[in-house]
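J.: Protein chains in written order, with the UniProt record's numbering: chain D, 1 to 143; chain X, 1 to 747.
Be careful, since some hints might not be right.
[Unchecked claim] Computed, partial: chain D to chain X, Cβ under 8 Å:
| no. | residue |
| --- | --- |
| 1 | Leu81 |
| 2 | His88 |
| 3 | Lys89 |
| 4 | Val92 |
| 5 | Ile133 |
[Stated by the list, open to error] BS3-like cross-link-like pairs, simulated, lysine-lysine; straight-line CA separation at most 27 Å:
| no. | chain 1 | residue 1 | chain 2 | residue 2 |
| --- | --- | --- | --- | --- |
| 6 | D | Lys79 | X | Lys110 |
| 7 | D | Lys95 | X | Lys100 |
| 8 | X | Lys162 | D | Lys76 |
| 9 | X | Lys200 | D | Lys95 |
| 10 | D | Lys79 | X | Lys162 |
| 11 | D | Lys76 | X | Lys110 |
| 12 | D | Lys124 | X | Lys736 |
| 13 | X | Lys706 | D | Lys124 |
| 14 | D | Lys119 | X | Lys691 |
| 15 | X | Lys100 | D | Lys89 |
| 16 | D | Lys76 | X | Lys200 |
| 17 | D | Lys79 | X | Lys143 |
| 18 | D | Lys79 | X | Lys107 |
| 19 | X | Lys107 | D | Lys89 |
| 20 | D | Lys105 | X | Lys736 |
| 21 | D | Lys119 | X | Lys100 |
| 22 | X | Lys162 | D | Lys89 |
| 23 | X | Lys143 | D | Lys76 |
| 24 | D | Lys124 | X | Lys691 |
| 25 | X | Lys110 | D | Lys89 |
| 26 | D | Lys124 | X | Lys676 |
| 27 | D | Lys89 | X | Lys143 |
| 28 | X | Lys200 | D | Lys79 |
| 29 | D | Lys89 | X | Lys200 |
| 30 | D | Lys119 | X | Lys736 |
| 31 | X | Lys60 | X | Lys32 |
| 32 | D | Lys95 | X | Lys162 |
| 33 | X | Lys32 | X | Lys10 |
| 34 | X | Lys162 | D | Lys124 |
| 35 | D | Lys105 | X | Lys691 |
| 36 | D | Lys119 | X | Lys676 |
| 37 | X | Lys107 | D | Lys95 |
[Claimed, not checked] Far from chain D by the CB rule (all over 12 Å, computed), these chain X residues:
| no. | residue |
| --- | --- |
| 38 | Glu283 |
| 39 | Arg321 |
| 40 | Ala362 |
Calculated directly from the structure, the hints in this document are not laboratory data. Idealized CB from N, CA, C, for every residue including glycine.
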Amino acid sequence: MAAKSTSANQPEATQNGKKTAEVEKSASTKQDADDEAEDEPVEKGAKGEASKDMKNVTRYFEEQAERSVDADMIQKALKTLQEEAVAHKVAVARKQQIDRTNISKEHIELIMNELNVPKLTAEKALLDNNNDIRAALTHLISQ
Amino acid sequence: MNAKRELPAKENAIFKNILRNYEHKQYKKGLKLADTILKKFPEHGETLAMKGLFLNNLEKKEEGYEFVKKGLRYDLTSHICWHVFGLLYRSDKNYEEAAKCYTHALKYNKNDMQILRDFALLQTQMRHYDALIETRTQMLQQKPTNPPFWVGLAIAYQLVGKYDLAIQTLEAHESALREMPVNFEHSELLMYHNRLLEEKGDIQAALEHLNTIEPKVCDKRALKEKRAQFLLKLNRSEEAEKAYRQLISENPDSYAYIRGLIAVKGFDSGMKEDLSLHDLTAEQQSTMLGIFDDIQKDYPRSNAARNLPLNYAKGENFRNRADVYMQTALRKGVPSLFVDIKRLYTNAEKERIVEELVTGYAKSLEENGHFNEDGTQAIEPPTAYLWTLYFLAQHYDKQRKTDLALQTIDKAIEHTPTLVELYMTKGRILKHGGKIEAAARVMNEARELDLQDRFINSKSAKYYIRDDKIAEAEKILGLFTRPDAASPLQDLTDMQCMWFALEEGDSYQRQGKLGKALKRYHTVDKFFADYFDDQFDFHTYCLRKTTLRSYIDSLQFEDNLKSSAYYIRAANGAVKAYMTLADIPKTANGMDEANMTEAEKKKARNKARKAELKAQKDKENKPPKKEQVKEEAAPKKADVKKPTDEDPDGEKYLKTQDPLASALEWIHPLEQLAPKVIDTHLLGFEVYLRKGSLLLALKALVNSHKIDKNNGQVAKNVTRFKEAVKAHPPTNEDVKAVIESQLATIS
Chain D
1 MAAKSTSANQ PEATQNGKKT AEVEKSASTK QDADDEAEDE PVEKGAKGEA
51 SKDMKNVTRY FEEQAERSVD ADMIQKALKT LQEEAVAHKV AVARKQQIDR
101 TNISKEHIEL IMNELNVPKL TAEKALLDNN NDIRAALTHL ISQ
Chain X
1 MNAKRELPAK ENAIFKNILR NYEHKQYKKG LKLADTILKK FPEHGETLAM
51 KGLFLNNLEK KEEGYEFVKK GLRYDLTSHI CWHVFGLLYR SDKNYEEAAK
101 CYTHALKYNK NDMQILRDFA LLQTQMRHYD ALIETRTQML QQKPTNPPFW
151 VGLAIAYQLV GKYDLAIQTL EAHESALREM PVNFEHSELL MYHNRLLEEK
201 GDIQAALEHL NTIEPKVCDK RALKEKRAQF LLKLNRSEEA EKAYRQLISE
251 NPDSYAYIRG LIAVKGFDSG MKEDLSLHDL TAEQQSTMLG IFDDIQKDYP
301 RSNAARNLPL NYAKGENFRN RADVYMQTAL RKGVPSLFVD IKRLYTNAEK
351 ERIVEELVTG YAKSLEENGH FNEDGTQAIE PPTAYLWTLY FLAQHYDKQR
401 KTDLALQTID KAIEHTPTLV ELYMTKGRIL KHGGKIEAAA RVMNEARELD
451 LQDRFINSKS AKYYIRDDKI AEAEKILGLF TRPDAASPLQ DLTDMQCMWF
501 ALEEGDSYQR QGKLGKALKR YHTVDKFFAD YFDDQFDFHT YCLRKTTLRS
551 YIDSLQFEDN LKSSAYYIRA ANGAVKAYMT LADIPKTANG MDEANMTEAE
601 KKKARNKARK AELKAQKDKE NKPPKKEQVK EEAAPKKADV KKPTDEDPDG
651 EKYLKTQDPL ASALEWIHPL EQLAPKVIDT HLLGFEVYLR KGSLLLALKA
701 LVNSHKIDKN NGQVAKNVTR FKEAVKAHPP TNEDVKAVIE SQLATIS
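One chain only, chain D, in its complex shape (with noise of 0.2 Å):
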């Protein structure tokens, strides 16, 4: 874990940026949390060995009790993180349905290969124009 983390602390440009991500795999909680103490230069010895393990130790009680705290308040932050996630996700999709019943598709294909534009786009810009193509057309074009 030691060379794990010291390596993973280098921005090191890797020629095929893999590295980092591998280094960090399964990384847990206490782990992250403890970098910052594995930066720190290590005694040498059973001393060392010692008072790495106290350190240890009360960080592992801190964390507990912290932990039950914020436990309830954490699960709901997590549930409306989801709820959103969801909720982000299905507006995305929305964004990219459009009514077309009105377009013409001939419009839509004259659009995109005049002017090389995706058909979302295309459509857009018929919609947004009350499926007038010369006004489509021109409003790409002054774009």
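With the hints as your guide, set chain X onto chain D.
T.: Just chain X now, with coordinates in the frame of chain D:
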């Protein structure tokens, strides 16, 4: 569970070891273990995939892909196989394909933290922010105890502009943090939180938040700057003034602080474009200059307080200030004085005053050693005269009075024949006068005065390139490139030396060597691609270190990378070269020998032979994958494997089937990122007109007209466009009508 996937207990244990080997980068060991499993179970997909991954990391990319694909074929529903496939693509920087692989992998194991993590990095890199929210939420749900996950989600929300949710996420995270002593990471987190409030537009809330977090923030400077800005925005003038005065007292040379103070006093120049404030009433002017004078009195050493008022002062007031400012600099011998002053020349009156002053100095110094006739002070040092002549030569050069400039600089050289700057300026004057060869010669003289100076070395080389003496230039540059590099050219390419690639590209273009020219321009494009790729590691690193404000800045920087002047220059060159290619009528073998120089004919004859060689090489090297790697990837591969360049003449660019399409690849990023630069639309027009895309050409024309309707090229393009419409009238009535109505607006 796939029956084939289950291994007996012993092999299963080995497989676990393999995974561990990979984590610890023990690729050779892992490869050996994989082979032991494969001996017994040659069709075990996941082991095959892992073997491929090891091979890929051991520089055997092609074999790697082969094994991973084989593994996938045996086990299509294994998340490990898909994950590994994605890793391979990612190491090739083929992010699109990698993302597809991750999507598959998540289908078969939707909660694998490692895959989610990698997927989030890819989505950030590809700017798929909407999808990133989903991934980040999932990661957080699984491990809410990991701080970077909270931050990651907040960033995702920020990037889609949902500040409320970003703030909400951060607040939940912060509330769970226990009280801790002041430390850098936490401080950055809080400042990031503050930035979200600011970006959301709630300045009042941001200011209050700033006050509450103050004891925990280490970056005191940023905090004070933000506070001053907020107070200014909220029109709390008194407090804002106090805040800016405090900042000025800490750094009286900061233009930003002084401008802030000016803005507090009601001269809001948008903080940057203060030249727009030229037109002040006399009263406003004196109030404003009074502010500067106060600062100058309090901080006599502040250069900013002396320099900035030159932008605003007018008439006699300007003359007096400029007089003092320039005399001090000339006495001291500040070589950059002209570069500093010339910005004022946008105002003709100021240009005239500066000229009067400096010609006066020159005359007076020559005659009696004083800046002015009424020389009551001590005699000026002899260098004052020298720097005055130097300034004056640059001044005349800017006005393109070449002869006068040359006379002046020669006088200076006579005075002090050993000053490198003088020769450099002489070279520059000659260049501006169109005497390219003489310019290069003088620049080389300058270089020989100081062989230790890399700057003058580069300048000299650049001037030789301008004179199309490439061999000479590369020899000179070679004095400073690494001695162990294959060639100066190779070293400068490795070092991403942008000016050099551009100058050589332009030179080859002048010489009609389009292949080489295109190769240089594409080298620049490659630099930009590399810059963009370089951000990848920071998507993880910055979250762990919570250097979030700089991280967001750098994301925005990367997004606009290609609006850089260097990229625009390269695009100009490349598109021009492709247009030349497109305009050459093609003969049967695709080459027009009639228009070729002798060298090119020879090249063309060599081409067939080279193509043959290349085909053979391709057969040997070809990775067995169905998706073609982007063309750009090819030269890099060559670089990594061997130092020699397989295609020094850029043949492959000449061979493009569709030069117009190749040109468009340069133009699209510009249309996205530099729509306000006229080159974008002028270049676009050239391509679209040749393609016969009338409406797109029209769009480019309208846009270029919008930017600068007096541009000579725009007027020419209007005529060309009309002729094109006449020659090939559009068949569609609506298109015709739109063209007519738009043309009416611009002609």
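J.: Would you mind marking each hint as holding or not holding in the structure?
T.: These are the hints, each one checked on the structure:
no.: 1; hint: Leu81; verdict: 6 Å, holds
no.: 2; hint: His88; verdict: 6 Å, holds
no.: 3; hint: Lys89; verdict: 6 Å, holds
no.: 4; hint: Val92; verdict: 5 Å, holds
no.: 5; hint: Ile133; verdict: 5 Å, holds
no.: 6; hint: D:Lys79 with X:Lys110; verdict: 19 Å, holds
no.: 7; hint: D:Lys95 with X:Lys100; verdict: 23 Å, holds
no.: 8; hint: X:Lys162 with D:Lys76; verdict: 20 Å, holds
no.: 9; hint: X:Lys200 with D:Lys95; verdict: 22 Å, holds
no.: 10; hint: D:Lys79 with X:Lys162; verdict: 18 Å, holds
no.: 11; hint: D:Lys76 with X:Lys110; verdict: 23 Å, holds
no.: 12; hint: D:Lys124 with X:Lys736; verdict: 22 Å, holds
no.: 13; hint: X:Lys706 with D:Lys124; verdict: 24 Å, holds
no.: 14; hint: D:Lys119 with X:Lys691; verdict: 21 Å, holds
no.: 15; hint: X:Lys100 with D:Lys89; verdict: 19 Å, holds
no.: 16; hint: D:Lys76 with X:Lys200; verdict: 24 Å, holds
no.: 17; hint: D:Lys79 with X:Lys143; verdict: 13 Å, holds
no.: 18; hint: D:Lys79 with X:Lys107; verdict: 23 Å, holds
no.: 19; hint: X:Lys107 with D:Lys89; verdict: 18 Å, holds
no.: 20; hint: D:Lys105 with X:Lys736; verdict: 19 Å, holds
no.: 21; hint: D:Lys119 with X:Lys100; verdict: 22 Å, holds
no.: 22; hint: X:Lys162 with D:Lys89; verdict: 13 Å, holds
no.: 23; hint: X:Lys143 with D:Lys76; verdict: 15 Å, holds
no.: 24; hint: D:Lys124 with X:Lys691; verdict: 26 Å, holds
no.: 25; hint: X:Lys110 with D:Lys89; verdict: 17 Å, holds
no.: 26; hint: D:Lys124 with X:Lys676; verdict: 24 Å, holds
no.: 27; hint: D:Lys89 with X:Lys143; verdict: 21 Å, holds
no.: 28; hint: X:Lys200 with D:Lys79; verdict: 24 Å, holds
no.: 29; hint: D:Lys89 with X:Lys200; verdict: 21 Å, holds
no.: 30; hint: D:Lys119 with X:Lys736; verdict: 22 Å, holds
no.: 31; hint: X:Lys60 with X:Lys32; verdict: 15 Å, holds
no.: 32; hint: D:Lys95 with X:Lys162; verdict: 16 Å, holds
no.: 33; hint: X:Lys32 with X:Lys10; verdict: 16 Å, holds
no.: 34; hint: X:Lys162 with D:Lys124; verdict: 23 Å, holds
no.: 35; hint: D:Lys105 with X:Lys691; verdict: 25 Å, holds
no.: 36; hint: D:Lys119 with X:Lys676; verdict: 26 Å, holds
no.: 37; hint: X:Lys107 with D:Lys95; verdict: 25 Å, holds
no.: 38; hint: Glu283; verdict: 43 Å, holds
no.: 39; hint: Arg321; verdict: 46 Å, holds
no.: 40; hint: Ala362; verdict: 52 Å, holds
Hint violations for this structure: none, all hints satisfied.
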